[in-house]
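Protein chains: 6
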Amino acid sequence: MPDPRPSPYPFLYERVIRRALEEDLGGAGDITTDAIVNPDRRASGNIVARARGCVAGLQIAAAAFRLLDPSVEIDERVADGAEVEPGRVLAAVRGPARPILSAERTALNLLGRLSGIATATRALVTAVAGHRAHIVCTRKTTPGLRALEKYAVRAGGGANHRFGLDDAVLIKDNHRAIAGGIVPALEAVRRHVGHMVKIEVEVDTIDQLEAALGAGADAVLLDNMTLPDLARAVALSRGRAVTEASGGITLETAREVAATGVDLISVGWITHSAPQLDVALDIE
Amino acid sequence: MPDPRPSPYPFLYERVIRRALEEDLGGAGDITTDAIVNPDRRASGNIVARARGCVAGLQIAAAAFRLLDPSVEIDERVADGAEVEPGRVLAAVRGPARPILSAERTALNLLGRLSGIATATRALVTAVAGHRAHIVCTRKTTPGLRALEKYAVRAGGGANHRFGLDDAVLIKDNHRAIAGGIVPALEAVRRHVGHMVKIEVEVDTIDQLEAALGAGADAVLLDNMTLPDLARAVALSRGRAVTEASGGITLETAREVAATGVDLISVGWITHSAPQLDVALDIE
Amino acid sequence: MPDPRPSPYPFLYERVIRRALEEDLGGAGDITTDAIVNPDRRASGNIVARARGCVAGLQIAAAAFRLLDPSVEIDERVADGAEVEPGRVLAAVRGPARPILSAERTALNLLGRLSGIATATRALVTAVAGHRAHIVCTRKTTPGLRALEKYAVRAGGGANHRFGLDDAVLIKDNHRAIAGGIVPALEAVRRHVGHMVKIEVEVDTIDQLEAALGAGADAVLLDNMTLPDLARAVALSRGRAVTEASGGITLETAREVAATGVDLISVGWITHSAPQLDVALDIE
Amino acid sequence: MPDPRPSPYPFLYERVIRRALEEDLGGAGDITTDAIVNPDRRASGNIVARARGCVAGLQIAAAAFRLLDPSVEIDERVADGAEVEPGRVLAAVRGPARPILSAERTALNLLGRLSGIATATRALVTAVAGHRAHIVCTRKTTPGLRALEKYAVRAGGGANHRFGLDDAVLIKDNHRAIAGGIVPALEAVRRHVGHMVKIEVEVDTIDQLEAALGAGADAVLLDNMTLPDLARAVALSRGRAVTEASGGITLETAREVAATGVDLISVGWITHSAPQLDVALDIE
Amino acid sequence: MPDPRPSPYPFLYERVIRRALEEDLGGAGDITTDAIVNPDRRASGNIVARARGCVAGLQIAAAAFRLLDPSVEIDERVADGAEVEPGRVLAAVRGPARPILSAERTALNLLGRLSGIATATRALVTAVAGHRAHIVCTRKTTPGLRALEKYAVRAGGGANHRFGLDDAVLIKDNHRAIAGGIVPALEAVRRHVGHMVKIEVEVDTIDQLEAALGAGADAVLLDNMTLPDLARAVALSRGRAVTEASGGITLETAREVAATGVDLISVGWITHSAPQLDVALDIE
Amino acid sequence: MPDPRPSPYPFLYERVIRRALEEDLGGAGDITTDAIVNPDRRASGNIVARARGCVAGLQIAAAAFRLLDPSVEIDERVADGAEVEPGRVLAAVRGPARPILSAERTALNLLGRLSGIATATRALVTAVAGHRAHIVCTRKTTPGLRALEKYAVRAGGGANHRFGLDDAVLIKDNHRAIAGGIVPALEAVRRHVGHMVKIEVEVDTIDQLEAALGAGADAVLLDNMTLPDLARAVALSRGRAVTEASGGITLETAREVAATGVDLISVGWITHSAPQLDVALDIE
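Chains as they are written, first to last, in the working numbering: chain P, 310 to 593; chain C, 310 to 593; chain Z, 310 to 593; chain L, 310 to 593; chain B, 310 to 593; chain S, 310 to 593.
Chain P on its own, in the form it takes in the complex (with noise of 0.2 Å):
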C-alpha cells in the first residue's frame, strides 16, 4: 500500500487556502466576531470527528488558521491516514478567539472535503484488502483542489493516476479513432514525448488490448470490461503491461473486479462525489 505523506511544503498549497479565507472574509472582514469579540479574548477547542472515517488535512487546516494569525497553535492527536470514530478528537486549537472563529469554516471546508475523499478512499481499500489491486484516483477532481484531493486519496490509503495532461499520456477513444488506430497514436505520441514519459492506453475490447500491448504501451485501462474479460485481459498483459479496470465501480462490485487481478482500479466518485466527513470545531 503506498504511504501516505502530505506534501512538506506549506508554501505550494497557502495560495489556495488564502483564496479560501479572502472568500469568507471578503472586504469586511468577520463583521459577527470583530463586533463581539475583545481582540484578547482567548479561546480553546478541539476539532472533533462527528461521523466514523478516514483524516486527512489536518496540516491544511492548521494552516488556515494560522494564516490569519500565526499565534494559534494546534495540536493534532492524529495523523493523516487514521481512521477515528465519532466523538474522537482530531486536533486541539488554542489561542486568540478572533481567528479561530473566523478560521473555523475555512478549516472544517478544507478538512471535511479532504477527509471525506480520504474515507471513501479507504472504503475501497479494504474491500479489496488481500488481492493485489490498488485504488487509484481520476483527473474528476475539484477545480482547483487536485494537489490537496490527490494527496487525500493517499492518505486513504490509494494511489494517484497522473495529476494533469502533461504529465504522463493516456490514449483515449477519441484519440483513437482520430489516428487511426491504437498503433498509430502510440507511434504519433512516442515521437513527441520524451523518455520520461509513460504510455496508456484505454481499451474497450480484448482485440484493442492485444493491439496496445503488441505496441508496447506501458498501462492499459480496461474500460467498462466484464469480470471475465478483465480475467482474461489480465492474463494477456501478465509482464507486459500495468492493468487498471475502470468504469462504474463501485464499494459493492470493487472486490470482484479486484478478483480479477487487475492491478488498479480507478474510480472518479472518491473525489467528485464522496460526502464529506463531517467534522466540527467544539469550542471549550
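Note that these hints are calculated values from the structure, not bench results.
Here the structure is a predicted model, which is why all the values come from computation and not from measurement.
Wrong hints could be hidden among the right ones.
One copy or any two copies: either way a pair holds, since identical chains are not told apart in the list.
[Stated by the list, open to error] Computed cross-link-like contacts, DMTMM-like style, restricted to lysine to aspartate or glutamate with a CA-CA straight-line distance of at most 25 Å:
{"hint": "1", "residue 1": "K481", "residue 2": "E392"}
{"hint": "2", "residue 1": "K481", "residue 2": "D527"}
{"hint": "3", "residue 1": "K481", "residue 2": "E382"}
{"hint": "4", "residue 1": "K481", "residue 2": "E331"}
{"hint": "5", "residue 1": "K481", "residue 2": "E323"}
We have chain P; now place chains C, Z, L, B and S onto it with these hints.
Chains C, Z, L, B and S only, in chain P's frame:
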C-alpha cells in the same frame, strides 16, 4: 421561488476556470492530444447528461473551452435550471479538435459539480413544494468555488444565505457565550455594523428565541429543534423575524420541517456532499 | 456611535501595501538610499501630525515599514480615532535606516489619506452631535482602497453603508425607471436575493417614499429633499424604515439636516474629496 | 507646456480597473441590477460634468464599462485635457443596460478622481502662465494609482517628477545628514547609479545650494525658501541646474513663486488632496 | 526524431510575456516612443536573423507585439525549427508604429533566447546524426521560462527530459546515499508514486548499473562514464532500460558518446549557456 | 567603479524565486525526495564553484532554500562580487534534507546564471582597467529576471544602463526617422518627459553626433563607429555629453575601444549570452 440567473460577467468567474485549466495542463500541456491531433483537425460533439438531474453551469463549461480557444462554438440546448433525463443533449460543441479534447475534463468537472448541487437543491425544493419554505445554502462550500456554487443553488431553485462572513451577521453559540448572552451580543453588533447589514441569531431553545426576538433580530436560526418546537418558534416569530430551520435536515425530513411553517430550511450537504451529476462529452 | 476597530488580519490589507511599495520601488529599488545609507546604519524618528485632525491607519503605516523589513519597530503613541493637535507624535519608529527611509512615503501616503478621511468624518460627526443621525460613507471610494477607507470612516466615528454592489440592495432611480416603479422593482429584488440582504430604496418625493414604505423597504434614501420634506419623510418612516438623507450635504448644512431627525446622513466627499491629513516622519 | 497623452496600452492600466470592479462586485455581483434589469435591456446615457474643471481619464472610464461587457460603446465627446463647464457632455455611453449600471460607480470614481487632479493642476498652470515655471507633481499619490495620477497631472498641463524611488535620485535632508554632507552624498550616489539617472538635491539654504551646484547636481529642490532666497537661488543656478521650488505652495502663492524665475513648482496637494471633479452618468 | 510543435494555447505562455512587457514598460511606459511617435503613425518591418541558426519562438515574439496592440499583424515567413542563414527574414511585422517599437526588445529577447537554445540543440542533433541517440535537455533552465525553453529544445530537434520534480522520478547520488542503496531507494519510490510515473536511476559505476537494472529501473543515467564503460552499460541495459549518457558532453565529444549506442545524451548547457541567436527588427 | 550592493529587500525578488520553485515542484512536489527522505533527516553541504569566476546571487540562492523551509541555514563564505577559483566553497548549507534537495536546482540555476553574468562583466571590466570606461549592460536581459541580472552586472563591477523603457529616454534610429531628425525628436521628448529624465541619442555618424550635442543630449550612444570616429566623437563630446560606445564589442576589442576615451562601453552579451558559472551543491 427565487429567479435563477447566472452572473452576467464572465470576468468574475474566468479566474476560477483559468486556474482549473492551468492545473490540468501544467507546464507541458496536453501531451497526448498535442502528439496525436493535427492542429487543423476539427471535431464536434455533444455534452450529454448520463443521469437524471437539474443542470447548472453550462456557461461555465462553455467558458472553459473558449478560454483555450475562442473559436470553439458551444450551442446550449437547455438552460441552466432545466431538469433533464439521461441522454439529454445539454449543449453541442464544435471547433478545433485540440481545445475540445484538452478542455473536456475541466469543463465537465465544473458542469458536473454545479449540476450536482442544482440537482440536490431541486430535490429538496420539490420535497417542500406547497409550503412556504425556501431551501437555502450555507457557507459549507468548496474553497474557491463559493460564488459558482451559490449560483448552482439558485439554478436549482434554492436561495442564498450570506455569501461570506462580511455581508451579514450570524450570531452563533460561541459568540453568544463570549458576549454573555444574546442581548449583549446583538448590542455589540449594532454598534459595529452599518444599517444595511441584517442580523440573524442562532437559537437552540424557545427561551433564546424570545431573547433574540425581543432584541430585534432580523432572522432566527432554529438549530436542531424538534418539530413541535419549530412550530412553536414559527408562531412566536410571525411578523417579527424570518425563521430558518437548520441541523441535519435530509431529503426525507425536509417536508415535515417545512410543514411547521418555517420560512427557510438551510442545508449544508447540497454544497458539501452532493454527488456530481454524471455528464459526458460525446465526440461524433 | 459605532465602535471603530481595524481589521484584525493584516493578511487582508497587506496586498494593498505591497502593491504600493512595489509601485514606488520599481525594479531598481530606492537607488538614493541604497547608495548613501550603509546596511548597518540605524535610525529612529517620530511620525508626527502637522495639522489638527483625527488619526486613522497607524497599523497600516506600520505594516508598510515592516513589509520591507520586519525588524523595524513601530511604537504607536495614539490609537486610531484619536483627535490630535499639530506636533503630536503619533508613533515612534526605530530600526535599520534603509527600510525606514524607503518605506516612509508609502507609509505616510496611506496614513495621510486615511487620517484625512477620518478627520472629515469626525468633523461631520461633531457637527451633528446631539442628534440621532449617524454619518455614513458611500461607494465613492478610491479604487483599490475601499476596505481601508471604510475603516477610516469608522475610525472617524462614522458608520459604513454597503461595501459593494454585492452585499445589499439599493434601488436607484434608473432601476425604478427600468422596473416600471418602486413596487415592481422591490418585488423583482425579493425574488432574487436571499433573506440576509437588506433593501434600500432611493426616493425623491414623498409619493415615492410612501410607495417604498408600503412595499416594505428596510431603508429609504431621501435624495436631495428640502428640510421640510426630510422632516415629513422622517415622520412617515418612523418605525417602518431607516431614513438616510443624501445629496450635497456639507459641513455647514449637516446640523440642520440632522435636526430633521433622519437616522443617517450619507456623504461621498469624506472619501472622494477629503484633503489628506498632513503627517510627516521626523528622523532624529 | 508638456503635451498630455495617455498611455497607449490598456494592458498597463486594466489591472487597476479590474481590481476596482472586483472590489465593487464582490462574490455575488450587482444584486440589485441583476434582479431588476433584463439581460436584453439596453440603455444609453451621457457622462456629464456637474462642475467646471479639466477632464482626465475618459479612456479609463471607458475601459471600466468594457471590461464588464466589451459591447458597451463609449463615444468620447471631449478629449482629456479639455476644460469644461457644468453640464458638458463628456462621453455618450450605449449598450446593454446591466454593465452600464454595474460599472457606473467604478468608472465615475476613476474619472472624477483623475479629473480632480487635472483640474487642480490646470488651476496652478493657469496661475503661473507667462512665467517659465512648470507645475510638477510628487510621489504623494494614491497607493496603487500612481501611473494614472501622473497621467492626470500631464493632462492638466503639469509635468511629472520622478515616478518612484527607482528612476531618479533625490537626496533629501536625511540622506545628507547620514552621508555627512551634500558632497559625500553626491559622490556615493555617483558611484552607485548609472549614467542615465538624474540627481536632484534638496537644499534649505543658499550655502547648501552652492554645495549642490558645486558638486554637479542636475537639479536642486529649493525647500521652503523665502521669495528673495528663491530669486537668489535661481540666479546662482542659472545654466548649472534645474531649479524646483517646493513647500506649501498654494494656488494663491504660486504666481509670486513663479515670478522668482524657478523652472519648476512642485505641489503634493494636486494628487493627495485635490477634491474630485463632480461627474455623473445621466441615463436617458 | 521528436516532432517539434509549440503549445497550441497562448493562454499558457502569455503570462510570461506579459511580465516581460510590464518589466520593460514599468509605470510610465515607453516614454521615448510615446513622446515622438504619433498614435496614427504606422510602421512595417522584418524580423531578420543576423546569424546562422535554428529558429524557435516566432509565435511567442508575435504574442509580445499583439499583447500591446492586437492590431499588429505578424506574418511568419519560416516555421519554428527552420535553419536559417544570416539575413533571412523570419517574419514581417506591420501595424501601428508605437506598439511595434515598444514591444520590439521584449519580442527579440524571447525570440533570440529560444532560437539560441534551438540552435545549440540542432548542432548537437546534427553531430550525432546516424546514431540512435536523442539529445535531451535537463532542469537547468532559466527560472520562469522552463516550458518555453523545453519547447525550444524540441524545435531544435531534441527531446525533453522531465519537466519538473513532480512528473518523473530521478534517483540521484544523494537519494541513494540517504536510502542506503539503489534497491531500498527504488522500493521507497515504488511505494510512493503512481503507476504512470517513470523511474530513472543515476549510476556512476557498472555495479550500480546492475543494481538499478536488477531493481527494474525504467531508465538509467550513466553519469560521467568513460566511453568503454558507456558501451558496456549500453550492452547490459539492452531490452531492460533506457540509457542516458550525461556529464560534460560537448559538441566535440557528442558523436563518440553517441557511438556507444546510448539512447539519450543529456546536456544542460543547451538551456543554461547557449548564446542567443542574433535577431533584429528592421523597420522599413 | 560602481559599488555593487544587492537589493536590501527580499520582498522585491522573492516573487521570481517563488515562481521558479512552483515551476519545478508542480502539483505533486519533489516525488523522488518525498518518497525516499524521511522528514526528520538532516543534511549539510557546501555550494562550491566548479569553475573560475565572479560570484553573484548568493542571497538569492539562500532565499530559494528558505522559501521552502525557513529553518534551512545558509552561511555565506564569500561575498557577491568575489572572484573565486574552482573548488572554492561559496556557502555552507545545513538543515532538513528534504528542502535542501528539493530547492537545490532552483537555487543553483539562479546562482549559476547570475554568477555567469558577473563573470562576463568582470572579464570586461578587467580588460579595460586603467581607462575611464565603465562597462554597462543593456535591456537585452532574460524576460522576468531584469532586476536580478542588472544587479549581477553591478556585482561584476559594471554599471547599469536604464532599467526599462520608462526611466530614461533613448532616441534610436527609428525614432529619429519618424521624427524627421534628431532635433525634432529631442524637442518632442523634452515636451513630454519630466526634468528628472535623462536623454540619450543614438548616433551613427559625426554629423548626427554634432546635431545631438547641439540639441543638448545628456548622453550619446556611438553605434558601431570605427575607433578613429570614436576618438573624434569623444573629443567633440567632452564636457557636453556622456559618451557610450556600442555595437559588437567583445572581450578582445574592449580595450582598444576603451582607449578612445569613451565613458561607457555597453554590451548586450553579458546578459543575453554569458555562459553560466558552474556551481554545485556537494552534500556531505
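**Prompt:** Okay, which hints does this one fail, numbers in order?
**Reply:** Violated hints (numbers, rising): 1, 5; every other hint is consistent with the structure.
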